[in-house]
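> The primary structure of each chain is shown beneath.
Protein chains: 2
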Amino acid sequence: MKDAAMYIPTYQDMLDAHERIKPHIRRTPVRVSDYLNDLTGTQLFFKCENFQEPGAFKVRGASNAVFGLDDEQAKAGVATHSSGNHASCLSYAAMLRGIPCNVVMPRTAPQAKKDTVRRYGGRITECDPSTSSREATFARVQAETGGDFVHPYNDPRVIAGQGTCAREFVEQTDGLDIVMAPIGGGGMISGTCLTLATLAPETRVIAAEPEQADDAYRSFKAGHIIADDAPKTIADGLLVPLKDLTWHFVSNHVSEIYTASEQEIIDAMKLAWKHLRIVIEPSSAVPLATILKHRDAFAGKRVGVIITGGNVDLDKLPWTQGESA
Amino acid sequence: MKDAAMYIPTYQDMLDAHERIKPHIRRTPVRVSDYLNDLTGTQLFFKCENFQEPGAFKVRGASNAVFGLDDEQAKAGVATHSSGNHASCLSYAAMLRGIPCNVVMPRTAPQAKKDTVRRYGGRITECDPSTSSREATFARVQAETGGDFVHPYNDPRVIAGQGTCAREFVEQTDGLDIVMAPIGGGGMISGTCLTLATLAPETRVIAAEPEQADDAYRSFKAGHIIADDAPKTIADGLLVPLKDLTWHFVSNHVSEIYTASEQEIIDAMKLAWKHLRIVIEPSSAVPLATILKHRDAFAGKRVGVIITGGNVDLDKLPWTQGESA
Numbered sequence: 001m002k003d004a005a006m007y008i009p010t011y012q013d014m015l016d017a018h019e020r021i022k023p024h025i026r027r028t029p030v031r032v033s034d035y036l037n038d039l040t041g042t043q044l045f046f047k048c049e050n051f052q053e054p055g056a057f058k059v060r061g062a063s064n065a066v067f068g069l070d071d072e073q074a075k076a077g078v079a080t081h082s083s084g085n086h087a088s089c090l091s092y093a094a095m096l097r098g099i100p101c102n103v104v105m106p107r108t109a110p111q112a113k114k115d116t117v118r119r120y121g122g123r124i125t126e127c128d129p130s131t132s133s134r135e136a137t138f139a140r141v142q143a144e145t146g147g148d149f150v151h152p153y154n155d156p157r158v159i160a161g162q163g164t165c166a167r168e169f170v171e172q173t174d175g176l177d178i179v180m181a182p183i184g185g186g187g188m189i190s191g192t193c194l195t196l197a198t199l200a201p202e203t204r205v206i207a208a209e210p211e212q213a214d215d216a217y218r219s220f221k222a223g224h225i226i227a228d229d230a231p232k233t234i235a236d237g238l239l240v241p242l243k244d245l246t247w248h249f250v251s252n253h254v255s256e257i258y259t260a261s262e263q264e265i266i267d268a269m270k271l272a273w274k275h276l277r278i279v280i281e282p283s284s285a286v287p288l289a290t291i292l293k294h295r296d297a298f299a300g301k302r303v304g305v306i307i308t309g310g311n312v313d314l315d316k317l318p319w320t321q322g323e324s325a
Numbered sequence: 001m002k003d004a005a006m007y008i009p010t011y012q013d014m015l016d017a018h019e020r021i022k023p024h025i026r027r028t029p030v031r032v033s034d035y036l037n038d039l040t041g042t043q044l045f046f047k048c049e050n051f052q053e054p055g056a057f058k059v060r061g062a063s064n065a066v067f068g069l070d071d072e073q074a075k076a077g078v079a080t081h082s083s084g085n086h087a088s089c090l091s092y093a094a095m096l097r098g099i100p101c102n103v104v105m106p107r108t109a110p111q112a113k114k115d116t117v118r119r120y121g122g123r124i125t126e127c128d129p130s131t132s133s134r135e136a137t138f139a140r141v142q143a144e145t146g147g148d149f150v151h152p153y154n155d156p157r158v159i160a161g162q163g164t165c166a167r168e169f170v171e172q173t174d175g176l177d178i179v180m181a182p183i184g185g186g187g188m189i190s191g192t193c194l195t196l197a198t199l200a201p202e203t204r205v206i207a208a209e210p211e212q213a214d215d216a217y218r219s220f221k222a223g224h225i226i227a228d229d230a231p232k233t234i235a236d237g238l239l240v241p242l243k244d245l246t247w248h249f250v251s252n253h254v255s256e257i258y259t260a261s262e263q264e265i266i267d268a269m270k271l272a273w274k275h276l277r278i279v280i281e282p283s284s285a286v287p288l289a290t291i292l293k294h295r296d297a298f299a300g301k302r303v304g305v306i307i308t309g310g311n312v313d314l315d316k317l318p319w320t321q322g323e324s325a
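Just so you know, the protein sequences line up as chains P and F, in that order. full-length UniProt numbering numbers the first residue of the first sequence as 1 and each following residue consecutively. full-length UniProt numbering numbers the first residue of the second sequence as 1 and each following residue consecutively.
This is chain P alone, in the form it adopts within the complex (with noise of 0.2 Å):
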């Protein structure tokens, strides 16, 4: 994509992104929870995206990208590198159309992200936990299969798919001050800002990012992308740095971006395990953590926040494993 003209997606490639998708994911239901709100001292909507059928809202743009090639592309099938959702999404995408997919993830990934990926028919390459190496290797891979790059995020198809989610959000909720999601890459991000720039200017889109993986909060400071080699985090759907499609939004639209360290997250996982019981994965913990950390900067608002995942391996949760070490 570096190398192409940037295509910038639009309001009307979401409305037509959602048009296309709607028969292959669900309209997620919000939660909310008296408790968190007295903690927190604001009105909180959590968006249900780890209701996915394959978990995660990257179904959204892997099935806008799929379901939106031409027949003849679509042979080929797909191909993409992933932390673990994308990979999965795009392979459950690509088997409701019956076309292959081949991803390209770290081999540190969790072992619950591998099985998902191959349950739904995707053929995993691994390489090392960086951004290098999944580069090199993904390179190699879509040059020997010829399929289709549907890059996790920096692709209009992809974002203009994840845009469909704020949509939704809006109409299931009656305004809101704020919308938040986690970043990594930022493509959930930049669909929140590509929707709600139309659909609800005044509602302000604010990132959530660990502390440990901190390069968009640190590019959004200096003005320009700055990218981490192999940062480590428990959040790891966020390990990735951001391109110029989503550099874009994030640059032009986003208000703030805040971090939370790892316990924060993990104190921040648990708890909405317990009071909205529903599973969520690390990532998805780190815009409530950032809540309960900058509370006056939310207090009194109505915040919607995208839970965007809900894989996690139920055998190692972050909460036991001091005990089991």
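Just so you know, the hints here were simulated from the structure itself, not pulled from any lab data. Heads up, some of the hints might be wrong.
It does not matter which identical chain is meant; a pair holds if it fits inside one copy or across any two.
As the list claims (entries may be wrong) - In silico PhoX-like pairs for lysine-lysine, Cα to Cα no more than 25 Å straight-line:
# : residue 1 : residue 2
1 : Lys274    : Lys316
2 : Lys274    : Lys301
3 : Lys274    : Lys22
4 : Lys270    : Lys114
5 : Lys270    : Lys75
6 : Lys270    : Lys316
Given the coordinates of chain P, work out where chain F should sit on it, guided by the hints.
For chain F alone, kept in the frame of chain P given last:
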């Protein structure tokens, strides 16, 4: 209740209950999973009562009792005995109305459930984990406080309240062949029978019970109430026996009772966490465990499963107990 003339709640009582409690409960969503449908060969619909604010369906019956008291009766508050969720839900409803709530709980009840009762202002008196100790302790507490006795299940107000869940379930689904719920004392099953007998008489009601607390199963087969004293099962919400009022509904309207072993319950619980991505307590997993066990009885059917509660101790999950012991 044993000595009073037994009042059988009617369909109109359920409709009245629904009007009374609507401001105090959530209309919980229904979850589906293609994965679990494929695995079981059925179409499964899960009604997420774990998403009620206090984490269990029992807020329906408890709210109906609390908000049905006249102002004079309400002054002395309410009192009950419960293995957990009825206690927290009655405390929650009493807190909403601003009246006292006294509860007798087995000292072996999960810490998470005790914490919840106290968070809602309920006053706990502990007893031994047997039906006999529970009833003796309660008699003393009730004599001291004078609170209106809201039995966890053998109370027409409670059964009418629980029946509101099945009403929503029918509205939310397009016809069900079977509705299932776990059975302990039989409150939810009775409310379900009450509602479906009028609203969807062609829908069969099937109960699910732990093998290690199978008094309802044995009662059903024998044709009269058989009670265990101090049964042991991980499904801690299902330890209590049937009583006259719930026996009326079970004996007249339930089609079948299936049982599952402890390991089958744990496996089904983990499966629900993984694929529905919701936090459910062991009791709520018993129906899915029996569906997996008695596959032929459910094959090709549209089966509604009431997920009764989601209050678990996240530090003590059953599938990690073996490892840490």
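> Hints first: check each against the structure and report whether it holds.
Results for each hint:
no.	hint	in the structure
1	Lys274 - Lys316	both (17 Å within a copy, 13 Å between copies)
2	Lys274 - Lys301	within (23 Å within a copy, 33 Å between copies)
3	Lys274 - Lys22	between (31 Å within a copy, 24 Å between copies)
4	Lys270 - Lys114	both (24 Å within a copy, 18 Å between copies)
5	Lys270 - Lys75	neither (43 Å within a copy, 38 Å between copies)
6	Lys270 - Lys316	both (13 Å within a copy, 13 Å between copies)
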